[in-house]
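Trainee: When you get a sec, could you build the whole thing from the sequences and use the hints?
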Amino acid sequence: NAGVTQTPKFRVLKTGQSMTLLCAQDMNHEYMYWYRQDPGMGLRLIHYSVGEGTTAKGEVPDGYNVSRLKKQNFLLGLESAAPSQTSVYFCASSTQSGGEQYFGPGTRLTVT
Amino acid sequence: ILNVEQSPQSLHVQEGDSTNFTCSFPSSNFYALHWYRWETAKSPEALFVMTLNGDEKKKGRISATLNTKEGYSYLYIKGSQPEDSATYLCAFRSGATNKLIFGTGTLLAVQP
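Protein chains in written order, with our numbering: chain L, 1 to 112; chain F, 1 to 112.
Keep in mind the hints are simulated off the structure, nothing from the lab. Only a predicted model underlies this, so the values are computations on that prediction, with no experimental measurement involved. The hints are all genuine.
Calculated cross-link-like contacts (lysine to aspartate or glutamate; reagent style DMTMM-like; alpha-carbon spacing at most 25 angstroms):
1) F:Lys57 to L:Glu100
2) L:Lys57 to F:Glu45
3) L:Lys71 to F:Glu45
Each pair of labels, with its calculated beta carbon distance range:
4) F:Ser85 to L:Gly40: 16 to 26 angstroms
5) L:Gly77 to F:Thr97: 16 to 26 angstroms
6) F:Lys78 to L:Gly40: 24 to 34 angstroms
7) F:Glu15 to L:Pro83: 35 to 45 angstroms
Chain L is faced by these chain F residues, among others (derived, beta-carbon under 8 angstroms):
8) Tyr31
9) Ser43
10) Arg93
11) Gly103
12) Gly105
Glycine is no exception: its CB is placed at the ideal position from the N, C-alpha and C atoms.
Mentor: Given below as structure tokens:
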């Protein structure tokens, strides 16, 4: 099992550009999450999904959109990137909402 | 706003020392408390998921206790080794949501 994978690993964007981060899991987990990690702050939840076709807002959803068209994939989109979105993005999945989360390796995004 | 606080922020110990750190969380509407270990350049890995007041979990030299009535959990490492060097994160889930709220972590450095 590959577990949770994220594509790409690194990306540099100019302000105003758009991009999509892909998260894939092969563990048949229902729940998937997108977090961002910034210095001095804990992991903050951007959006999450409780199953295929569903999404919900987390703590810091502004400027991001998500889609869960297939159970194994959870996409995070930035429509118009801003320097404040420079961060490391982690995807995670779990079998149930209170269960342990399995994290991907992260995507380092820089917006100039 | 749900706050999860961890102390200390960082800790430097010598190999062989035993150490412990604290996670504080809201005492009302408790559902679960997670501990994760996060090594540099890797992704967080679950250590424990605790759900019952008075719970005590152990994995090798690492153990954790939980007090849901007063809203705290302790993580203990017995006989620290250099490979224990990592950031230790706790995360709280209330019964009202599907989301984990992460603390900012305790950075442990174990010197040989």
